[in-house]
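Engineer: The chain contents come next:
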Amino acid sequence: MSAQNLTIVQAVRDGLYTEMNLDDEVLVMGEDVGKNGGVFRATEGLWDEFGDDRVIDTPLAESGIIGTAVGMAAMGLKPVPEIQFSGFMYPGFDQIVSHMSRFRTRTRGRYTLPMVLRAPYGGGIRAPESHSESKEMFYAHEAGLKVVIPSTPYDTKGLLISAIRDPDPVVFLEPKLIYRAFRGEVPEEDYTVPIGEAAVRREGSDVSVFTYGAMTRPTLEAVENLEEEGIDAEVVDLRSISPLDRETIVESFKKTGRAVVVHEAPKTGGLGGEITAIIQEEALLYQEAPVKRVAGYDVPYPLYALEDYYLPSVARVEDGIREAVNF
Amino acid sequence: MSVLQRDPQDQVRVLDEDGTVVGEVPDIDDETLVDMYRNMRLARHFDTRAVSLQRQGRMGTYPPLSGQEGAQIGSAIALEEDDWMVPSYREHGAALLRGLPLKQTLLYWMGHEKGNEMPEGVNLFPPAVPIASQIPHATGAGWSFKLRGEEDKAVLCYFGDGATSEGDFHEGLNFAGVFDTPNVFFCNNNQWAISVPRERQTASETIAQKAAAYGIDGVQVDGMDPLAVYAVTKAALEKARNPGEGEGRPTLIEAVQYRFGAHTTADDPTVYRDDEEVEKWKAKDPIPRLEAFLRETGRLDDEKVEEIEAEIKQRVADAIEAAESDPRPEPSDMFDYAYDERTPEIQAQYEEFEALREKVGDEGFLRE
Ligand SMILES: Cc1ncc(C[n+]2csc(CCOP(=O)(O)OP(=O)(O)O)c2C)c(N)n1
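Going down the list, the protein sequences come from chains A and B. Residue numbering for the first sequence follows my numbering, starting at 103 and increasing by one per position. Residue numbering for the second sequence follows my numbering, starting at 371 and increasing by one per position.
Same shape as in the complex, but just chain A (with noise of 0.2 Å):
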């Protein structure tokens, strides 16, 4: 296979372009998707090769472009809308929870969605007000929808070809903080990564710390600067929040006894307190120290005079990991 060093934007394009080529059902659509190549240019020249029909420039309204894709999608075709930003998605909110994670339930399966509703998401790039938020459990919550955060270019390729092959409705989130942060190799040719598995992105055996997106990167750098203090820390990339790679976590605490959950989310009802259950309930006797989990806080993102200090910084990541180890 030839590849490519790409980042993570383009990675989302190539995707696109990749399983466009191969399977005419696909689709883009929403705001300046099409001329302009959407505002992070994940659709970038995508209009010009494959024209008005395919990509599609919608009007100013995501219940609309959420909506029209549902019934899109029931028809056969799949449909890969995109919302501009995540904060963006509460027009549409009504049309995900009510009808895209349901159609297939409501139906007793005669009717199902593959179509895959994409967002960028999360905080860092100095945005303004309502940019920057992680709300991706808000539909980690709810049932028939599958929820992907990828973390390398590779696995944006691969886990976004899954999403558009899925039967199911898939809400892919792209943590844009890291969409041009680095590069990484990208096969040419289409491949898929499997929704739902995790990747031990570094083995370790002191301690295991759970995260995903773009708190991947200041993970492994603090894990990095922890090595000289003799802390061996196995670091666990979850890839899709929904469904959530139980297997690979629990095995991982089996071996360490310890748990740190790195998420920017807000801690409150955010995927660490998920993980510290699932660990409560299969693997209890192993537990050498109480789960920390190093998440965003519960109030509002603020504007970003002050996101740094909201985020987890890779010295909050730091100090978390000591806490669980030095227990």
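Source of the hints: derived by calculation from the structure; they are not laboratory data. Every clue listed holds true.
Simulated crosslink set (DSSO-like; lysine-lysine; CA at most 30 Å straight-line): (1) B/K473 x B/K484; (2) A/K237 x B/K484; (3) B/K473 x B/K683; (4) A/K356 x A/K369; (5) A/K137 x B/K654; (6) B/K683 x B/K654; (7) B/K652 x A/K137; (8) A/K369 x B/K729; (9) A/K137 x B/K650.
Dock chain B with the ligand against chain A, hints included.
Structural biologist: This is chain B with the ligand only, laid out in the frame that chain A set:
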């Protein structure tokens, strides 16, 4: 006959592109007219400086208003003291007239929550970033005046042409029609919602005609003609407060105009629109247009223009200086405004945060 009583296709104009009078000049005193000009110049200069601050990395993403001064100032100057304004995120000029200091606008776009702290007596909602979401608020505010019998107050709400595609637009206007609330809905139709042209927002011929669907009045105005904008906004606000026999209170105004620059400083308009179009609209620039009229009618001369120029430069420079020398917000700020009182969980998180800050210093948090 009121300027509002006309076919919504029939655009209200007072000045042509050269500033020649082609319609009925509204009844405004000389001082207000010059003030209109001063504030439009101020808004333009502020905008130019704000874009440059962003380019220099001294401010975050910023939505420029150049080209839209006629609509913003012409409408905002029509408000009475007790009226309220509900803006989107681009109405820096209108907000200034309502009483929000330029320094606050700068702070907001510099990422400080303090920018949203309205001074006492400033009847202004904070900027709304989610498109169209402020429109039902405006209806609700107007409705509250009606429910409480405060008949001397009206609400002026701004949004773009893209906003008219959202459900919130329809719901807000529909409620206003049904409950006959004292609202003026002011659409800044600047032709583009980022890269999507107006024709892709609606198949309606005009936005003004949408009013008919809600049983309210609709009027289209040349948004780059500040006198025409003033005339229709004034009439609509008066009707909202004091409708005549058989008249409804709410009005939808479509102000047809153009944004000269980028949608925001994060956007590159050359990808989706051509120079020719921009030039065509620049010929309608509201500032030289009003200036020509004021000079022609003896209300303005070189000396006065120079005085105004010096004054606005000073005001903007002072505002930038004040915003930049404002102390950085305290991180504890973050924990203070979610609730009236910190919940136990937030308090615990705050204490943990401060303990760690003590340990690792601010460097432990700040990324370069
Ligand atoms: C609900 C929602 N969807 C998407 C966006 C992203 N967005 C910000 S401004 C904009 C275009 C708005 O156009 P318009 O309403 O015409 O107002 P203008 O910016 O031209 O003044 C878009 C799509 C948003 N802020 N809110």
